[in-house]
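Q: Produce the complete structure using the sequences and hints provided.
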Amino acid sequence: MRRRFSALRLLLDAARPASFEPLWPRRPPSGPYDVIIVGGGGHGLATAYYLAREFGLRRVAVLERTLIGYGNVGRNTTIVRSNYLLPQNQRFYEDSLRRWGTLARELNFNIMYSPRGVLDLAVADEDMVALRRRGNAMRLSGIDAELLDRAGVARFVPQLDVAAPRQFPIVGGLLQRRGGTVRHDAVAWGYARAAAALGVDIVERCEVLGLARRAGRIAGVESDRGFIAGERVALAVAGRTASLAARLGLALPLETHLLQACVTEPIKPMLDTVLIYMYPGAGEVYVSQSDRGGLVFGGMLDGHPSMTQTGAVTRVRDVCRALTALLPRTSDLRLLRHWAGMNDMTMDGSPIIDKLGSEELFLNGGWCYGGFKAIPASGRAFAELIARGETPELIRPFRLSRFLSGHVLDEKGAGPFPARQ
Amino acid sequence: MSDGAKRGGRRMLIRCPFCGERDAAEFQFRATLPDLQGTAAERLYLRRSDPHRSIEHWQHVGGCQLWLELTRDLTSGAVLEVSAELTRDLARGAEH
Amino acid sequence: MSAPFRNPIGGRIERSTPMEFQFDGRRYEGLAGDTLASALLAHGVRLFGRSVKFRRPRGVLSCGAEEPNALVTLDTGSGGISNIPATLAHLAPGMAARSQNRWPSLRFDLTAALGAGGALYGAGFYYKTFMWPSWRWYEPPIRHLAGLGQAPERARAATGSERHLACDVLVIGAGPAGLAAAATAAAAGADVIVCEQDLLPGGELQFESARIEGLTGPQWVERSRALLEAARARLLCGTSVIGMYEERVLALRQAEGRARLDDELLLVSPRVRIVATGALERPIAFADNDKPGVMLLGAIERYASRYAVRAGNEAVIFGNHDRLYPAALRLREQGIRIRAIVDPRPRPALESLDELERQGTRILSGHVLERALGRMRVRGARIGAIGTGEAVELSCDLIAVSGGWTPSIELALQAGAKPRYASELGAFVAPDEGETLAAGAVLTAGSAAGHLELSQALLDGAQAGARAVETARNGANARAATVGSIGGDPAPHLQPLWRVPRGREKRQFVDLQNDVTVADLRQAVAEGFREIEHVKRYTTLGVGTDQGRTGGLVGAAIVAEFLGETLAAVGQSRARPPARPVPLAALAGLPAPLAVKPLRRTPLHDALLADGALMEPSGLWLRARHFAGSGVDAAVAGVEEARRVRSAGGLFDASTLGKIEVSGADAAAFLDRVCLGRPSRIAVGRARYAALLREDGMVLDDGLLLRLAPLHFLLTASTHGAAAVLAHLQYHIATGPKALEVCCADATEAWGVMVVSGPESRGLLCEVLPTLAGEIADLAHLAWMEKEWRARPLRILRASFSGELAYELHCAADEAASLWQALRAAGTDRGVRPYGLEALDVLRVEKGYLTSAEITGQTSPYDLRLEPWVRSSGEVVGRALLERPALHEPSRPMLVGLVAVEPARRFNAGAQLASPSVPGESLGYVTSAVFSPTLGRHIALGLLARHHALPGTRVLAADPLAGTEIPLLVTEPVHFDAAGERMKS
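Chains as they are written, first to last, in my numbering: chain A, 1 to 421; chain B, 1 to 96; chain C, 1 to 985.
Derived by calculation from the structure, the hints in this document are not laboratory data. Please read these numbers as outputs of a predicted model, since none were measured by experiment. Yeah, the Cβ is synthetic: ideal placement off N, Cα and C, and Gly gets one too. The reader is advised that the hints may include incorrect statements.
One side only, chain A facing chain C, incomplete, derived with CB under 8 Å [claimed, not checked]:
id, residue
1, S114
2, A145
3, I276
4, R317
5, R329
6, P416
Taking lysine to aspartate or glutamate pairs in the EDC-like style, the calculated list, with each CA pair at most 20 Å apart, reads [to be verified]:
id, chain 1, residue 1, chain 2, residue 2
7, A, K268, C, D109
8, C, K738, B, E69
9, C, K984, C, E775
10, C, K738, B, E85
11, A, K268, C, D24
12, A, K268, C, E153
A: The structure is reproduced here in structure tokens:
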């Protein structure tokens, strides 16, 4: 049985250094499974955990092509929030945000949920109207939101000089205090550990090559480690959704685009909140400071489909430009690392969680660049869909059919252009 | 680490039929070519793209403004083909 | 001031140019050519800072960019710049530096007590505790302990700059292989750029006792430099390549001898890249190997030969290869006494051993160094025999470690090369093979390709240079110059040793910057992390500012040992770009407060300013919000200016309107395909409202379409939408069902546009253009005519966005200001004054006209009450998708007018609309809200669920952000003059 982590445990273990045990055991795949989850990222692991914990399915496998937590869950800007405009998105992300609040104790793994506030800045009065619209919609849905004027922004973020001469002066902002950050690696490891303790098989270095069908029904998957039997197959491969779909012959409303993120050298605390400063075409950056001290920031997508994981350096330049304009103090900080993640960008910028056709095949994807914050809600609802075969109310808006029926969830009004979502 | 092999280090250049070989930064992507089967809505939204042969429409905004049809390998970033003759009648929403 | 550790002769410093500097408030004197590290070592300073986690005293380990330990804060005019390796801080007069991670002082650090908790502080520590009651209780103090230095107080004074370079061959690294490659390529006529991160070229040749064709290392470097100069190759010293990208190579050039303030960013586009980045010496993990005074052997040599500085007086050397011995002899010559050489291998048969023994050096073969002794700095070394375990303790003030060399291959890997394990080096190399070689774009040469011996490195470099020319010049022949007699250090005969398995593993440091120990690695493996990338994330091995350049491979090898696998199988963790930390300002390349994009100004900009306009950015345009004198704030001024337009008249700068010309034999047919309402039916000389749909049926933009000639149209698009509309039109020309003879061009900047509106507008226009008075008087609504103003084109269009009688004057941009001034002069007596965006909004909300507040990309033409326009259209782009069921559901919002039940109650745009019976459920929202001076009440436009949109229905403007809930009545969107009598008058 898994041992609980606590400060006392650490002290005892320190005295007996040989006593550490794996966070999750390595097991070879051994079907047949009730459910095979393809993808050992945040969504796949969370789904496995809730399947085992809330729906009693113990014959569950998570098949991961590389390493647990090595995809987007381990390379994002770690922001969690529920400050969405559309009520369908609000309900879903709010469910997630509530779960973040209690997840560390539930998993007995410190995922470091830090409700330090997420502040969307406005640089023009028309932005303020858009923020007021969004904030009021949030409040009607029972989500916390505050509209700050310029002085309010100055009070909440003293590090931000709102009076400084700027090309685009800061006029206010929309604050969600319960928004914040979560330690990304810990989410993957915490869910993996908790799922494994409930009997889930976590199989790393196992690439799924195709679906296996027997007598016209799903019978499992073909992998580079052979056939693995399972009644139900659930895909949760985020940035690799398009390439996996191509392999499985599925047509989906999504494309793969790159999003870059950057981190500076670690420094003493200089920013205690999450700032989002997006002025389309001019400067786009969102930034927070990790507990380790680095400023973690990112901007817009690279602008065209790509699976190379090497982004365009001009995009890094643009985001540095926006950050130094927002916080001039950062101009002498140094960029330590930047990386590109593959994003499964949908045609309306919102995710897809659905059962595909009449088969026991399920899809969880299209997370665009916002999948990290969704992990607990997505895992919980996806598990329910797989276990019960019925779509829970929370994720009904995310069905695939919405594109053809017109029920698209286009937060930004950007239209069927994934590069602009 | 196996990902390493796939990282293309090549410069991404696009040979504009009008202007010659130019840096990709001069071009702007608009859309991936849809599946040409199905209803107008399916053609607008659904993609069945081969990661090694993605057919896309780009405009040379930093040059002659010409629209180009590019065939790209998304896994390496390589531009495989460039054509100024775009696939026509995509009917992205123009008929029932 | 004497520098006791500076030798009286030698070195490449300028002894005649002393420089005073400060470290932690104490004054020292160094020499031009010193780094902060060499200057402090010369004064016997060994303690440079404390470690981030355990606050252990730390000194300097290396002599270059790889330094993990000696990070300092440099004081500059704009506050301190943190985390600068002292080994890279080129001394400048008056330089002031501070140590980091100590409080209150470096020697007496109270936070060091934290280190005592080190037993607890294993890998993954934070993941396992601080959960009760919640992390936010613990986070603030923990955040304050983390982080290296402070962020600067202010923006930097100097700014970055950016330069684009192109060449045939870019050589990265000016060591022996790089210089040989560059010389070969340049001699064959290629355009060559060489980037060298050091201020001097030559790499190891600066101090190795090499002889090349009878020349010493420095002489050969000098000759190479002259050859490159003669061939017009560009040798850029002080320039580090920081990343290889899809489209180019990024390098950072720092001004010589200064703190990094005038960085220049180079974007280099080479045809071929040669990676000749050499190899870095690596340490061996043993107990207390982080003590100040434990240094890399090569670094000690470099301090001695380049800076004439002895890093200590009595050294113990610990390593596992044959090059220890010649190095020891050279250090001896520099005045460092070598007490012992500790080598786990059997005694090698080298002449230098006998000579060292004659000088009193103990050769301890078959021994390992078990532990560094001393508290704040090295005072001795404990050395044990491998077989018997018998130990001796020797006193010394310097421990020189050399565990072999790790080729610097990260740039080659970024460029697509594949790593290969070279067992003779115990390290990974990036040889030229496979795909990258076939593509010919990246070559590796010298140590980076595994050629550690000088003769091989030179040969390999020359060959790479020749191959590069062949690739860059499409098969042109170039010959690699052969190199004559070469004498350098012997082959190392390395026997890999990564850690000394004796003593406490918690004190055996692998990553010095992040305090990662052998114990952490053992724990990570025990906790199931079985791959190096995983271990890296869990333990923070190699994630510091040095990216684990010295310790990373050591860590990987120790992980391999714990896993029972080979290093080749475990692999090396990948260094991600940038290869070296880059100041954000250098990447941004523009002055910080303005670092976004240039703003656009209209041709009337100066005229508006002269009229007292308050300009604000709107998109990337600067536009007049309102005019001084109209009111105390924008809202009051807007109401006043709007009132004036309706009572007398106003002048408005509409130059930002997009102006797209569509022409060609098929122009009308094409416009019928992309605009609602059959534009082909517009007569020449007339104009009509036009709306465009996006492919999914949502409204993209709207404007007026003028038919200039049978085959020539002008479409005015909104300020915000103009660029998207142009691209949309051009795209549909290129992809429409058949090839059409039509083209689009953006003429926005060619015209200044001013609107004259209000009852006085016709009279004013006739007064300013007296010869046209008759024609103006006869001009019908939505008709236009082509005239001249001061011999420049002038288009007069009668159209209105205010509901008043109004004219749009499109005037050639260069004469637009003069027309504006003429209208201003003549208008004053009529009460016609300029108005801004605020008043424009009041006027158009009164009339129910649309802007981007309603055309949000989420609204269909049905939502915006454009159904008649849809019905009159043919097969318009986007129309097919309009019939999707969701777009006609009763809950879908549509455009409505709204008025406050109590006329004086103000409500906000952005308020949600709710039914009074279900106040918590949103039925839509207020898109635009203004005070209407004409109606004397607050009015608005909104989007409201169809089933609630009947005029007369009561709704609430729910604005919980403002704490208000205001009753409204639904009205038609047009609040005023629904018949349009005023504008048609």
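Q: Does each hint fit the structure? Answer for all of them.
A: Now for the hints, and whether the structure bears them out:
1. Taking 8 Å as the C-beta cut-off, the interface hint given for S114 of chain A holds, the closest approach to chain C being about 6 Å.
2. Below 8 Å, beta-carbon pairs count as interface contacts, and A145 of chain A has one with chain C at about 7 Å; its hint therefore holds.
3. Interface hint at I276 of chain A: violated, since its Cβ lies 16 Å from the closest Cβ of chain C, which is beyond the 8 Å cut-off.
4. Because the smallest distance between the Cβ of R317 of chain A and any Cβ of chain C comes to about 5 Å, under 8 Å, the interface hint for this residue holds.
5. A least Cβ separation of about 5 Å between R329 of chain A and chain C falls short of the 8 Å threshold, and the interface hint therefore holds.
6. Taking 8 Å as the C-beta cut-off, the interface hint given for P416 of chain A holds, the closest approach to chain C being about 5 Å.
7. Taking the CA atoms of K268 of chain A and D109 of chain C, the gap is about 17 Å. The hint holds against a cut of 20 Å.
8. Between K738 of chain C and E69 of chain B the alpha-carbon distance is near 16 Å, which keeps this suggested pair within the 20 Å criterion.
9. Taking the CA atoms of K984 of chain C and E775 of chain C, the gap is about 16 Å. The hint holds against a cut of 20 Å.
10. Of the pairs offered as hints, the one joining K738 of chain C and E85 of chain B holds, with about 11 Å between alpha carbons and a cut-off of 20 Å not exceeded.
11. In summary, the hint linking K268 of chain A to D24 of chain C is supported, as the alpha carbons are separated by about 19 Å, within the 20 Å threshold.
12. A C-alpha spacing of about 12 Å is found between K268 of chain A and E153 of chain C, which places the hinted pair at or below 20 Å, so the restraint holds.
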